[in-house]
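Based on the provided sequences and hints, a complete structural model is requested.
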Amino acid sequence: MKPFDIVIVGGGGAGLYAAMEAMKTNPALNIAVLSKVYPNRSHTSAAQGGANAALANKAKDDTVEMHIFDTIKGSDYLADQDAVEVLCSEAPKIIRELENIGTPWSRMEDNTIAQRPFGGAGRPRCCYCADKTGHTILQTLYEQCLRKGVLFFNEYFALNLSVHGSRSRGLIAMNMKSGKVEAFPAKTVIFATGGYAKMYWNRSSNAAGNTGDGQAIAYRAGIPMKDMEFVQFHPTGLRKSGLLVTEGARGEGGYLINKDGERFMARYAKEKMELGPRDLVSRSIETEILEGRGFDSPAGKYIHLDLRHLGADLIKSRLPQIREMSLNFEGVDPIEEPIPIRPTAHYSMGGIDTDNFGRTVMDGVYAAGECACVSVHGANRLGGNSLLDILVFGRIAGHTAAEEAGKFEPGSISEEELRESVDDIRSRMQPSGHYERYGALREELGQTLALNVGIFRESSLLHKGIHDIGELKDRFKKVRVFDSSDVFNTNLQQVLELQNMLDLAETVAVGALAREESRGSHTRIDFPVRDDEKWHKHTLATLVDGKATPGEKPVTMGRYELQERTY
Amino acid sequence: MTEIIDQHQEGKRDVTFRVFRFNPQVDSKPYFDDYTISAERGITVLRSLNYIKEHVDATLSFRAFCQAGICGSCGMRVNGISKLACTSQVWDELDKCREPGIIRVEPLRSLPMIKDLIVDMDPLVDKMTRYSNWVDSTMPLDEMGKKEFLISEEEFQQYDKATDCILCASCVSECSILRANKEYVSPAVLLKSYRMNVDSRDGIHDLRLAELVKDHGVWDCTHCYRCQESCVKSIPIMEAIHAIREDALEKRGPRDTSGAKHAEAFMEDIEKKGKLVEATLPIRTNGVVWTLRNLLPMAMKMIVKRRTPPPPPLVKSAKGIKIFRAMFREMTEHVKQDHLKSHKK
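Sequences listed follow chains V and Z, in order.
Start counting the first sequence at 1; every next residue gets the next number (the numbering used here).
Start counting the second sequence at 1001; every next residue gets the next number (the numbering used here).
Be aware that a few hints might be false.
[Stated by the list, open to error] Computed cross-link-like contacts, BS3-like style, restricted to lysine-lysine with a CA-CA straight-line distance of at most 27 Å:
# : chain 1 : residue 1 : chain 2 : residue 2
1 : V       : Lys60     : Z       : Lys1147
2 : V       : Lys301    : Z       : Lys1012
3 : Z       : Lys1147   : V       : Lys58
4 : Z       : Lys1251   : Z       : Lys1214
5 : V       : Lys177    : Z       : Lys1182
6 : V       : Lys301    : V       : Lys259
It should be emphasised that the hints constitute simulated quantities derived from the structure, not laboratory data.
Encoded structure:
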C-alpha cells in the first residue's frame, strides 16, 4: 500500500475532527481514518449533556477566564493550566464552527445557540442539542467527512504500531471483513480511540468497544501513559448493564434506598441528601453496599433508586427516557417498582501522555480525545468538558500532524512484521494449551477492578488488584479463540480487546497504588487527604521489560494557586 | 445450561433462539441454529446473544457496541421485525413468537450478507454520499467559527426529529421497494436528505433535490409506511418523504418527472371525479411512446381476460363529489402545515 502521510486510528469526535482539520491544513496529504466500527457508531454518540463554551449567549457575563477557573478547580488542581487555557479559549470558536457546518444545536429565544447549567460550572455555558448532543455532533462530523471524501477504512481493528528505533513507521491492522492483516505505512499516526473505562466491564457505562485499544498499542510501543488511576464513577448505573440513569432522576426527587428501607443519604449529606456531588453520592452508595446494606442479585449487589412516590404522571412527563431505559434494560417499570442501581465507571481521565499539540514522546505519533491525557481534566472531569476536549484537541492533533508529516520519512512495514502478527493470531486458535474462555477472564477483570481498584482504594486492596491482574494476564496466554474463520471474526476481536484491557488495567492499579493521597476521583482510605507537597504531580506508567514502571511529571501551573476544592 | 442462578424475586423463562447462520467461507447456503437458554426478566435479546457467544457458541457473529440504543450497531430482525437487539426485551418477544418459546433472529434484509447476523452497511453510506447527505454551508470559509447562524426554534423543530436517526437501517430492511430494487435511495437517506433540505444553513438544496427526483429516487416510494412503523426512534419518515415530494412539485413543477406527473394525474382525477381514470394514467405519467412500448403486451392480456379499466368517458363522478371537492381543497391547504407539525416533538 502507498505510504500515508497521516493514519488516524478511531472515527469518533476526535478522529473525525483531526481528519477534517488535517485535510484543511494541507489538501495534498494522503490521509486515512481507520475505525473498528462504522464511524457513526462511535461512543461520542452516547454523550447526552453537551459541550461547554463561554459563548455568553445565556449568561451575558460569562467569560473564557471563568471557564478556565472552573475546569482547573474541578480537576482538583491536577490539570495543566496552559492546556486548560487552550481548551477553554478555543471552545467558542469550535462550537460556532460546528454550528456553521450543520450541528443542530438547540436554540434560545434570540435564535442563538442554547446553553444550560452543568455541575461545577459557575455559569450556564453547556451548549446542547436536546439530550442527543454527542450523537448530533458525531453525525455532523461524519457527514462533513463524507462530503470532503475522507478515505475511511471501516471495521479495521488496529493491532500494533510498527516501531523502529525511536519512531513509528505506521500501523498494522486487521480488516474485519476479510480477516486479512494489512500494513498501513505512514509518516504520522494519530490515536483517537476513546477511553478505557470498559475494563470495569459490567460496572461501566461505556460501549463494549471502549477497551483502550489506542492506549494499549501505544503503551506496548513504549509510549508512557499518564494519570491512569483517575477513573470517574457515576453514582447511578443500572445493575445489569452499568448503563447510566441520568442525574435528572434524583433532580426530580428520587430517593436512594438500602435494603433496610432507609434513605441512607441522610448519613452522608444531611442537607443535600440525594443531590450531593457525584463523587460523594458514589462513595455513599458504595459504602452501603460494602457494609452489607445492599440488595443481592445474580448480577451483583445494588441499591434502589425509588421514584414511585413521584407518581405516574410526573414520571411519564418529566422522566420518560429514564422509564424507557429501566424498561428496556432491567425490565422494571419505575412507576411500579424501584430501579436497581449501583455506581458505574464512566470516564477515564488518564491516557496517552501528550503535549498541548497532541504530540507523544515518539516522533510521528499523536493522540487526542479521551484516548489522550493532555491533561485538561486532571483528577476529575467536569460535565460538558469531554465533548469539548475531543473537538478542540482532535482538531489540534490533526493540524499538528499535517504540519509535521513532511518532517518524517515515509514508513515501510516489512512482510515479516505482518507475518508475526498473523502468527500471533493463528497461535491463539490452536487447541493445545489454549482452554481459557475470554468471557470469564473479562468478567473477573471487571470484578477485581471494581472491588480493589474501584471507588475506595487502599494499599492492601490495590496489591490484591495488581496480583489478580497479573494472574489474569498469565491465564490470558491460555485463552482460546474458538472461531477460526477469517470473515468477521468477532471472537478474535474480543480476545484482542481483552488483551488491551489487561495491559491497561495494570497501569491503572499501579498508578493508584503509587498515588498515596486522595484527589478528585481517586480516593485512598489509607491516605484520605490531598497531599500537594508530595503528590501535586502527574503519574506516568511506561512498559519496561513487560512491567508497568511508574514515573512522574510536574503539573504546569499558571495564574491559579492551589486551593482547597469545596463547592 | 445456564449458571444464572436466580436469587432474585423475579422468575426465569426458558427460551430458544433460532438464529440465522451463514459463513461464506464454509457454507453454501444459510441455515438456522437453535440455542436454548434460561432468561430472567429484564434480559435483552442482545444480552442473550452475548451469553450464547460467551458460553455456548463463540462462532456466532453479530455487531454490538453501545448496548444502550444509541449507536445503531445491533440492527437485526427479531421475530421477523427489524429492530435493535439491545433494546428488545426477551420476555416481550416471547409474547410475539410464531412458535411458542422460539425467538427467530435474522439479519437485516436488503443489504449484502457478510456473516451470520452481520450485513454490509457500505451501500447505505454510498447512497448518503450520492444524495449529498450533509450541510454544504453557506458560511464563507474564512468566516467559519467567527459567528453563529441565527436559527429560529421553528426551523430547529423541522429537523429535530429527523436528527434522531441513528442509521440502524431497520427502515432499510423493512422497505418494500428496496427488496425489489437495491438501487432505490432508501428511507434513511430520504429522511437525511429532507433534514438537509430544510436547513437554512445549507446551500445546495436545488442540487440535492435534482438528484432526488431522478430514477430510484423519491418518487419510487409506494407509501407502505413500513419504514415509519419500524423506526426504532419513532421518526415520522413518511412525512419527510411527502415533504420532499411537495417540495419537488413546488420548486420543479408538476411536469418535471414521471413521478411528479403521476402525482399530478392522481390529484387531477381525484379532484375532478373522486376516483381514478386508470386507462389514461400510464400515458399521463410516462407518455404515449413509453406506454405503448412497455404496457402494450399487458394491455392485450387485460383485453383477453376482460380486465381493462373503463374508458375515460365512462368514468362517472363519485357520489357526493361536490362535498368531496370542498374537503379535498381544504385538505390540500392543510398538508403543508401538517407535515411541519409532525416533525415537531
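Results of checking the hints against the structure:
At roughly 16 Å between alpha-carbon atoms, Lys60 (chain V) and Lys1147 (chain Z) fall within 27 Å of each other, so this suggested pair holds. With a C-alpha separation of about 19 Å, the suggested pair Lys301 (chain V) and Lys1012 (chain Z) falls inside the 27 Å cut-off, and the hint holds. For the proposed pair Lys1147 (chain Z) and Lys58 (chain V), the alpha carbon gap of about 16 Å is at most 27 Å, so the pair holds. Taken as a hint, the Lys1251 (chain Z) and Lys1214 (chain Z) pair is honoured in the structure, with Cα atoms around 15 Å apart against an allowance of 27 Å.
Only pairs whose Cα atoms come within 27 Å are accepted, and Lys177 (chain V) paired with Lys1182 (chain Z) is accepted, the gap being roughly 21 Å. Our distance criterion of 27 Å between C-alpha atoms is met by Lys301 (chain V) and Lys259 (chain V), whose separation comes to about 10 Å.
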